[in-house]
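Novice: Based on the sequences and whatever the hints tell you, model everything.
Here the protein sequences come in this chain order: A, B and C. Going by our numbering, the first residue of the first sequence is number 1, and it counts up by one from there. Going by our numbering, the first residue of the second sequence is number 1001, and it counts up by one from there. Going by our numbering, the first residue of the third sequence is number 2001, and it counts up by one from there.
I should point out that these hints are in silico values taken from the structure, not numbers from a laboratory. Don't take every hint at face value.
As a list, the in silico DMTMM-like pairs of lysine to aspartate or glutamate whose alpha-carbon atoms are at most 20 Å apart [claimed, not checked]:
(1) A:Lys628 with B:Glu1356
(2) B:Lys1100 with B:Glu1156
(3) A:Lys377 with A:Asp290
(4) B:Lys1429 with B:Glu1356
(5) A:Lys629 with B:Asp1366
(6) A:Lys377 with A:Glu456
These numbers come from a predicted model, not from an experiment.
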Amino acid sequence: MEQTIHTLTLLAVLAPLVGSIIVGLLCMRIPKIIAHSITISGVAISFLCSCYIFDMIVLQGYPAVNFIAYDWVTSGSFNLDMGFLVDQLTSVMFLVVTFVSLLVHIYSVGYMAEDSGYARFFSYMSLFTFSMLLLVGANNLIQLFFGWEGVGLVSYLLIGFWYQKDSAANGSFKAFLVNRVGDFAFLLGMAAILDYFGTINYAQIFAQAPTMAATTINIFPHSPWLVVTVICILLFIGAMGKSAQIPLHVWLPESMEGPTPISALIHAATMVTAGVFMIARMSPLFELSDVALSLVLVIGATTALFTGLIAIVQTDIKRIIAYSTMSQLGYMVAANGASAFSAGIFHLLTHACFKALLFLAAGSVIIAMHHEQDIFKMGNLKKYIPTTYVTFLIGALALTAIPPFAGFYSKDAIIEAVSLSTIPGATYSYFCLLLGAFVTGVYTFRLIFVVFHGEEKMSNSLRQVLHESPKTVRFPLIILAIPSVIIGAVLAKPMVYTMMGLLGNSVYVASSHDVAAELAADFPGTFAIIFSGFLHAPFWFAAAGIFVSWYCYVKHPSLPVQVVEKASWAYKACVNKLGFDAFNNIIFVHGLKKFSDFLYYVTDVKWIDGWVVAGSGNGIVRISNLAKKLQSGYLYHYAFAMILGLFGLLIWLLVF
Amino acid sequence: MQTLPVFSAASAEILTGIMICVTLLAQTFLGDKVKQIAYYLVQISLVAAFILLARELYDPAIITFSGMFDDDAFSRLLKLSICAVSFFVFLYSREYITEKNMPSGEYYILGLSSILGMLVLVSSYNFLTLFMGLELFSLPVYAMVALQRKSVINTEAAMKYFIVGAIGSGMLLYGISMFYGATQSLNFADVAKVVADSSAPQSMLLVFALVFVVSGVAFKLGAVPFHMWVPDVYDGAPTAVTLFISSAPKIAAMAMALRIFVDALPGLVLQWQPILIVLAIFSMALGNIVAIAQSNIKRMLAYSSIAHIGYALLGVIAATDEGYSTAIFYIISYAIMTSGAFGLLTVMSRNGVEIENIADLQGLSDRNPWLAFMMLLVIFSMAGIPPFVGFMAKVAVLEALISVHLVWLAALALLFAIIGVYYYIRVIKVMYFDSSKAKQQAVNLPLDKNIAISVNGLAVLVLGIFPGSLFGLCLSVVHTGF
Amino acid sequence: MNILVPLVFYAFAAILVAASVMVIVSRNPVRGALFLILAFFCSAVLWLLLEAEFLALALIFVYVGAVMTLFLFVVMMLNIDKLPDQEGFVKFLPIGVLVMAVLVGLMIMVIGPHHFSLNTFASHQMHSSDYSNVAEVGDTLYTQYVMPFELAGMMLLVAIISSISLAHRVRRPNTRTQDIPTQIATHSEDQLIFANVDEKSDPFANVKIKKTKKRGRK
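Specialist: Structure, rendered in structure tokens:
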């Protein structure tokens, strides 16, 4: 059995890589149909394997499998292996990643049909799938980091896929830079783990974790910190970069410059959840540090509320969904902070389905509108693209957490869990998340009402050619709509409301933080919760949000304009993304530019280049030319040099 | 009662010896009828020797021929690499030899004799066999350098090599005679025993002897200040011969160093360690710095080889099992890289073109992108850029140094490696970014050369990404072998 | 052990050192070679003192009889009277002398009686009269030292191959060499050609071509 899982894991991880390499190497020479057949079959194999692994590990409850595929580097006592830890958490992630990836692959056949970089696109996507699987399947931090950087790289490549566009190139650049900040902290965290634990293998780290709980480190003189706190905060900064948490969230909106399938796959469903996954994976460490958990909770809740606020004033369809992604990621991170890891992963799962659905549907709208993304140039599209409308609506309801749609179960569980949590900052976070539910309702349905209802604001010529998207585009929408409706009801009980849950012991919760157990104790049953859901505060907040947006955008369309005039400061603040970009611009970009100008013109050009580099370079060349003269070509010089060498050594060793 | 030696222990050597005679006869009597017969016979014997050695790689060690010959995993691994590298060397050289009208039979036969010497040297367990092996491996090389008789440069290089080589051998021999005087034995085990429990007055004699032996070894390795022959010979010899000199002999010389220092003189570790440190520092410094000023690519690679020897010695300096294994790993990977680099120069020196200067590679990326790419792999690897094997090898030796607390030496080595990157990158720049002034025609190679070059170049990459297996092999032979 | 043995030893050892110095110093190569012969001869005598008769004789036969004779032939044929003055000989002399002096000093320091006194080594055993040096050498050579011995054989083979390949010249067409069998087996019509002297054609051009063809066939 174990052997089967070994093989299947390797197959699942390597199949997309093989597809990617083949298509990537031959991308200039092969027709489109072959390019997508190869990559889609790679991912399909991967998906089937994942299903089987999920069935084995999660449903049938086989014990977790931890194995080494290849002994990569041995260096002294330190072993670096390519290994996989296949437990419940990994199996769930495998399934999510391959499922969404497969659908997005299929969707792209239609979406990218006219693009000149067709094969390149598929190769990148498969490479992304491989990296993501490497990330979630790893049994050690280094391999996780490989996957982490791998997905970062592919994300960079794909945001800048249309590299001829300045905005795309800049967006990819920004994403790369912001992620570097997080990665730097992540690397430091890994180094700290290696230093204190002497290993980067999960199993060994977790085994040692309890003994390290009380170890302290002096970062500044006389202020001892718990080592685990330092490590967890560093790791979390890494997660903030990847999962777009305030203040490292600024790259995600820019990443919407990439093709829409990529936004769905990478920047909504999978890659951005890597941070959430990593925190859950490292739960045995996080659980040892209340400070780190608090930070995680507060940052997550803050992100959930404030990025939602920004979403209300956006006009670009993809950017609205992007901000909503950040907001939802905030929920997941907050769940982790409240030690409700299962709820966080559950929301990750449901979110992957409905957010991918929303993005792909948005992509469908964009195709229909001939690459127009401004929502105020659309309107009443439900008449022209009904399938898209229905699926989009399902996704929106799930996102707004209306029972019985998938998002309801997960989001409700998170808000409940945070309300039960007792760590510092829990109350603040609870209110943030509740308000977040309201805000979600507002921006989501603003989008629906403006795009699909109301007057038709597009040009006449465009209206003539408006039609539903091709089959390959619609098919994934329908497929994704199904789990967006039912997956919450199916998985809510086993995943969150059971004592050990679906994730079993792959995540660790300290007994003092065990909100999940309290949740489970109160659980009234899958269907009963739907009705009790109507009585919960989150539902009323969401419903209020929907009502507000209906009132503003359908009933009294003039109202928003008045609001903007009256409360122009708030509007401006939101349009300016609450000042994060400006802050970054002034402090980091301009400040740094001044500083780096100084560094460049004075220290670099003058001192380092002028004196050290050119100086040493010239010096070395001069020495080199001098030393070259030693090689005179005369035999007796050579012989004499040898004798002198011998002589020197003798004198040195015998006389001194 | 004298028992017969275990001949099977030396099966590869015996096979090679027989094949030298067979090839000689075949070349003499069938040379006109069967084209390239010497080439094929020599290649067959290398493959056969390789198979023989590979089959018994993990067999227990046998010391036989009156304790003169040590057939252990260490020697088998190094012999395997010598055979494999030489196979590629001969493969690359064939067209070059034919086109330059060099006596082809002699080239292969002398080459095979030299390989026989190396095999014996690697397996030697006695100063006598060691010296015989050394001479047998050097003597044919002197002749090979001068094979192109009409060329004055070749003859001059051969002459210099021969005379300086005689001085080097003389030093080694003098040192050995001193050891014999001090220990009354030539056998490594006996010498080691006497050295280990030698009293204070004896040790001065031992140090005296040691300095001479180290000088002899350093000469063969081409370490500063016994390096003067290297640039002249590399430059002066026909490229095919340079290719031969630069690859397998380095492995053999490193094996000689390990045999002497680890098998025979472990008791003098506190004495040879500082000497080797000095030699290594000078080699790395001089090799990397002087290479910058070279415009001739063969000379540049010669200096690069001096520097690389310095790095390989770092592994020996660490004087731990891990260190020795990294030295072996380094020298094997270096042999792969250098055979790739000189192999490329050899196969490109065709149709009257001789690749002499770095500038001759101008625009190679347009003329044959695949070759240029292979050269890029090899050069990057030599420069020690990840993920190539050269990087892994450098990391390994530096780590071995750090684990014995020679951090300053590791830092120094790193500094020189950084200086070294400059001249390697220049080659790449010339290949990829300088367009050739004269419109040169595309470079096309026969299929077997293409395959060999690709295997060689990709090996540099693959071994760099997956160094585990080779590294484990090096470590295990050190654990079992010494 | 009588007085004669040390006397012979010191006498010949002194001559040996002196001869060796002269080999290096002597400007005339012929004289240098002769001094080398003297040095070989003296070391042969020293070997005789150790009852290594076979080695002593082999040294004289091989080196004096064969190698040095060849050396002399070559040197005389080249007709080098005196080596030219080495450039920089004087310039490098002081430092050379200094280095040599220190080296020799170190050697004496190390190789003194301290390490190589007679006490440290077992004194030489005289053999009985039926002892055969040849048999003894042969015995060890073919048993204990069979491997180095075979290798030495291999090395000689390599030496032969290399020297032949370096010295042997493949005869190229159009090189003018003497072809004795052809000369002997010549016919009168080859030697004398009757030709009409034509202004346009040069009859001797044909001659050359004809002869070249013949050699080419050989």
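Novice: Indicate, hint by hint, whether the structure satisfies it.
Specialist: Here's how the hints hold up against the structure:
1. This hinted pair checks out: Lys628 (chain A) and Glu1356 (chain B) have alpha carbons roughly 18 Å apart, not beyond 20 Å.
2. Annotation: proposed proximity of Lys1100 (chain B) to Glu1156 (chain B) holds, straight-line Cα distance about 18 Å (limit 20 Å).
3. A hinted pair counts as satisfied when its Cα atoms are at most 20 Å apart, and Lys377 (chain A) with Asp290 (chain A) does not qualify at roughly 49 Å.
4. Between Lys1429 (chain B) and Glu1356 (chain B) the CA atoms are separated by roughly 17 Å; this keeps the pair inside 20 Å, and the hint holds.
5. With a CA separation close to 36 Å, the supplied pair Lys629 (chain A) and Asp1366 (chain B) exceeds the 20 Å bound.
6. For the hint pairing Lys377 (chain A) with Glu456 (chain A), the CA-to-CA distance comes to about 8 Å; that is within 20 Å, so the pair holds.
This entry does not satisfy hints 3, 5, going by the numbered hints stated previously.
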